[in-house]
Amino acid sequence: MNDKRTFSISELSQEFDVTTRSIRFYEDQGLLKPARRGQTRIFSTKDRVRLKLILRGKRMGFSLAETKELFDLWDETLTGNEKQLLKMLEILGARRAHLEQQKEDIAMAEMEMDTAEARCREALAELQKKKEAQGMTPKTPEPAVSK
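For the sequence shown, our numbering assigns the number 845 to the initial residue and increments by one for each residue that follows.
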């Protein structure tokens with residue numbers, strides 16, 4: 845981990861590969877609370893950790909409202925609490941269920957595509973046989989790349 849105590853918005857932007865506009869948006873949403881020196885934002889180690897958690901939450905599909913709720917629960921105590929952990933488990937369970945449904949939907953779509961592709965190939969083969977029987981030379985299409 846970085847031992848530095850404070851960070852500029854540009855440093856965090858580069859470290860986490862996000863725009864400064866995104867960081868300012870997270871601040872506007874109450875997720876980050878940098879100190880100010882004039883117009884300059886001074887981000888603490890806590891802000892840096894929170895930005896890391898915001899981005900991790902986004903990758904897992906958490907809304908910013910859910911992330912803020914978890915931060916607010918943490919801020920109620922010095923070390924977090926049972927309420928926060930239960931909320932986190934609730935959000936994770938909902939995200940996992942959503943992902944499982946998406947996986948099932950993708951599997952179903954792939955099966956439907958496989959069936960449609962097989963029917964098209966059968967119909968094409970039948971059509972080409974009829975053309976050959978009539979003395980026509982069929983043009984064979986390039987085979988599709990399949991799994």
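Don't read these hints as lab results, they were simulated from the structure.
Among the hints, erroneous ones may be present.
Derived EDC-like pairs: lysine to aspartate or glutamate, alpha-carbon spacing no greater than 20 Å straight-line [unchecked claim]:
no. : residue 1 : residue 2
1   : Lys896    : Asp919
2   : Lys896    : Asp872
3   : Lys902    : Asp872
4   : Lys890    : Glu910
5   : Lys947    : Asp919
6   : Lys912    : Glu944
7   : Lys931    : Asp916
8   : Lys890    : Glu920
9   : Lys902    : Glu913
10  : Lys902    : Glu956
11  : Lys877    : Glu913
12  : Lys896    : Glu855
13  : Lys877    : Glu910
14  : Lys947    : Glu920
15  : Lys877    : Glu920
16  : Lys902    : Glu961
17  : Lys931    : Glu956
18  : Lys896    : Asp861
19  : Lys877    : Glu926
20  : Lys877    : Glu934
21  : Lys896    : Glu944
22  : Lys931    : Asp958
23  : Lys931    : Asp949
24  : Lys974    : Asp958
25  : Lys877    : Glu944
26  : Lys975    : Glu944
27  : Lys890    : Glu934
28  : Lys927    : Glu913
29  : Lys927    : Glu944
30  : Lys902    : Glu871
31  : Lys973    : Glu956
32  : Lys927    : Glu954
33  : Lys931    : Glu948
34  : Lys927    : Glu961
35  : Lys902    : Asp861
36  : Lys890    : Glu855
Nothing here was measured: the structure is a model prediction, and the numbers come from that model.
Need the status of pair Lys902, Asp872: alpha-carbon distance at most 20 Å?
Answer holds: Lys902 to Asp872 is near 17 Å, not above 20 Å.
Between Lys973 and Glu956, is the straight-line Cα distance small enough, at 20 Å or below?
Not satisfied, since the Cα-Cα distance of roughly 26 Å exceeds 20 Å.
Between Lys902 and Glu956, does the CA-CA distance stay at or below 20 Å?
Distance of about 31 Å is beyond 20 Å: violated.
Sort out whether Glu910 lies within 20 Å of Lys890, counting only the CA atoms.
18 Å, holds
Would you mind confirming whether the straight-line C-alpha gap from Lys902 to Asp861 stays at or under 20 Å?
14 Å, holds
Given the hinted pair Lys877 and Glu920, is their alpha-carbon gap at most 20 Å?
Roughly 16 Å between the alpha carbons, so the hint for Lys877 and Glu920 holds.
Does the structure keep Lys902 and Glu871 at a Cα separation of 20 Å or less?
16 Å, holds
Verify the proposed pairing of Lys974 with Asp958, using a straight-line Cα cut of 20 Å.
Violated, because 24 Å separates the two Cα atoms, which is more than 20 Å.
Is the hinted pair Lys931 and Glu956 satisfied, with a Cα-Cα distance of at most 20 Å?
Outside the cut-off at roughly 38 Å; violated.
Holds or violated: Lys902 and Glu913, Cα atoms, limit 20 Å.
With a Cα-Cα distance of about 14 Å, the restraint between Lys902 and Glu913 holds, given a limit of 20 Å.
When you check the alpha-carbon spacing of Lys931 and Asp949, does it fall within 20 Å?
27 Å, violated
Holds or violated: Lys877 to Glu944, with C-alpha atoms at most 20 Å apart
35 Å, violated
Checked against the numbered hints above, the structure violates hints 5, 6, 10, 14, 16, 17, 19, 20, 21, 22, 23, 24, 25, 26, 27, 29, 31, 32, 33, 34; every other hint is satisfied.
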